[in-house]
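Student: Spelled out, the chains give:
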Amino acid sequence: MSAPQSIFAKTKIKLSHGNTQSYSHYVQGLILNFILSRLSSAVIVILGVSALVFMLIHIVPGDPVEVMLGESSQPADRDALRQTLGLDQPLMTQLIHYYNGLLHLDFGQSLHSRRPITEVLLDRIPATIELALSGLLVAVVIAFPLGIMAATRKHTAWDSGAMMFSMLGISIPNFWMGPLLILIFSLWLGWFPVSGNDGIGSLVLPALTLGTAMAAILSRMVRATMLEVLGEDYIRTARAKGMSEQVVIVRHALRNALLPVITLLGLQLGTLLGGAVITEMVFSWPGLGQLTIDSINRRDYPVVQACVLLISLSYVVINTLTDLVYAWLDPRIRLSEGR
Amino acid sequence: MSLGIRTGMPLVIVCMWLLMAVLGPFLPLTPDYIELSRILDTPSLTSWLGYDDLGRPLLDRVIAGARFSFYVSILVVSVSVIVGTLIGALSAYIGGRLDHVIVRIIDIFLAFPGILLAIALAGLLGPGLSNVVIALSIVGWVGFARLARAQVLTLKYREHVQAAIVLGAGTSRIILRHLLPLIAAPLIIEATFAIAGIVIAEAGLSFLGLGIQPPTPSWGSMIRDGTRYMLVSPHMVLVPGVALMLVVLAVNMLGDRLRDWLDVKG
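Those protein sequence lines, which keep their order, are chains A and B. Take 1 as the starting number for the first sequence in our numbering and just add one per residue. Take 1 as the starting number for the second sequence in our numbering and just add one per residue.
Calculated directly from the structure, the hints in this document are not laboratory data. The model shown is predicted, which means the values in this text are computed figures rather than measured ones. For every residue, glycine included, the Cβ atom is placed at its ideal position computed from N, Cα and C. A portion of the hints provided could be inaccurate.
To give an idea of the interface, some chain B residues facing chain A are shown, with a C-beta separation under 10 Å as derived from the structure [said to hold, decoys possible]:
hint	residue
1	Y33
2	Y93
3	I105
4	V251
Computed beta-carbon distance windows for the label pairs [as the list claims (entries may be wrong)]:
hint	chain 1	residue 1	chain 2	residue 2	range
5	A	W191	B	C15	38 to 44 Å
6	B	S130	A	E66	18 to 24 Å
7	B	G4	A	D63	54 to 60 Å
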């Protein structure tokens with residue numbers, strides 16, 4: 001690779017303001033611009049999401065402290081909680097305190113368990129990551145073969161069948177899919193436990209529930225991207241050279257179809273994380289989703305805020321990373337958007 | 001004119017959903033009437049869809065539940081389409097700082113994965129029909145704003161828009177008369193899929209106990225009640241679930257057909 005680099009280094013280009021610089025410097029500048037612009041939008045989104053989550057407690061109808069402690073609570077207890085949460089301060093002061101707490105990863109204390117919220121979250125994070133990754137694995141394992149099959153056998157019964165499966169997957173909500181799987185595989189066949197997190201067996205049904213909906217969307221994307229790639233000239237060339245259909249599909253088509261699908265995969269992770277909340281409730285899976293709903297029911301609003309913030313911020317971080325990785329893999333993106 | 005099974009079937013299901021929602025209140029239904037002797041009765045010739053754990057007829061409850069899923073989805077999608085389209089179209093047309101700010105706001109709302117923000121909003125606002133509509137509308141407008149903005153951005157430099165500006169047309173006239181008709185097709189398709197999404201979201205919130213409260217029947221809360229009796233009475237989960245799936249499937253299939261007819265790229 002040294003030859004092209006040295007050519008770039010020697011090539012001087014003239015910029016619009018009259019300065020000249022080497023092509024490699026120019027490209028480095030574009031890449032830096034791209035990374036900075038992506039990171040700065042991520043920071044703005046993170047600040048905005050945090051502000052919105054901060055506002056959540058202020059939408060509680062009436063006095064949030066009274067709602068949290070119950071109508072029969074003592075005025076002294078209410079005042080104490082109001083002071084602890086800073087709700088007696090002006091809104092701007094509250095917001096500054098809140099951001100300051102976030103910077104130090106301090107979400108305050110749970111009203112229910114009296115433990116620091118950061119500790120409560122740390123207990124629950126591994127289970128949610130485990131579920132989300134298994135769901136993702138299920139989605140990828142189902143979606144890729146299905147999408148490729150549908151694309152390579154376009155307009156056949158295989159294609160219609162795959163697309164019908166995908167339509168069903170999109171239309172069956174996970175709070176019904178979960179009970180259905182429990183009914184068949186736990187209650188009738190007795191293969192897996194009904195709920196809880198106890199060994200690999202208990203992970204199968206929640207992962208299937210979470211992964212199927214995503215597989216449905218993903219298989220459509222794989223099909224569409226594969227169809228686009230299969231229409232390219234280089235595929236015709238590969239076939240004309242006498243390559244076997246398998247080599248054409250796997251080495252030529254799939255490799256080129258992978259990149260756009262990976263970006264879409266990053267975007268779909270939001271559906272996965274959102275779906276995990278309900279899936280965790282169906283299977284009593286001890287993750288962040290179950291903690292969110294339990295905390296809503298217990299009126300432990302600081303914990304609800306922390307959970308929503310953590311899940312959303314992890315989504316923002318994953319998406320920003322996907323963008324950067326995609327740009328790293330495909331130079332066209334970073335160069336065109338860096339300008 | 002023959003519609004074919006791929007359009008005819010979904011159309012029949014959606015019409016039945018609409019009829020159940022509109023005519024439901026006028027039918028002699030007893031969704032809350034308890035017959036203790038029929039607790040957990042399975043579906044039979046005398047009780048079509050069976051009875052639930054309190055001895056209430058599931059057929060009547062499914063029909064009554066259709067009403068709430070229908071009205072919530074139509075209301076939320078209408079609010080979202082109007083608010084989202086206006087914000088998105090104005091943002092793209094006026095451009096500049098306003099557009100910059102609105103794009104950031106859209107990005108912030110889109111950073112909440114899936115149904116999470118609606119869950120938090122409904123949870124903190126408290127359960128009830130109006131709070132479900134508010135929570136889902138606060139989340140729903142964003143998709144339409146993004147779509148309308150993207151569409152107007154590609155259209156605002158067209159000759160007919162420039163001609164209208166030169167002739168002295170105001171912003172509202174240009175957006176309503178010259179831009180909206182051109183972006184209607186993708187918005188209609190998005191709205192169709194949004195109806196399916198809101199039906200699921202409403203049922204999801206009710207499943208979590210954050211939506212419509214008992215004894216008012218909602219398909220989501222019926223599924224939740226059914227999960228407690230799955231071993232002895234699986235029909236309690238199956239009946240509302242099948243109704244929900246059929247409606248969502250039908251609306252999604254119609255959306256797909258509509259996209260083909262209107263020739264809009266997905």
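Student: The structure should be examined with respect to each hint, and the outcome stated for every one.
Tutor: Checked hints:
About 26 Å separates the beta-carbon of B:Y33 from the nearest beta-carbon of chain A, more than 10 Å, and the hint is not met. A distance limit of 10 Å between C-beta atoms decides the matter here; for B:Y93 the minimum to chain A is near 23 Å, and the interface restraint is violated. For B:I105, the interface hint holds, the least distance from its beta-carbon to any beta-carbon of chain A being 7 Å, beneath 10 Å. The interface hint given for B:V251 is met, as the beta carbon of that residue sits about 8 Å from the closest beta carbon of chain A, less than 10 Å.
The given range of 38 to 44 Å is respected by A:W191 and B:C15, whose C-beta atoms sit roughly 40 Å from each other. Between B:S130 and A:E66, the C-beta spacing of about 21 Å keeps the proposed range 18 to 24 Å intact. At about 58 Å, the CB distance of B:G4 to A:D63 agrees with the hint of 54 to 60 Å.
Checked against the numbered hints given earlier, the structure breaks hints 1, 2 and satisfies all the rest.
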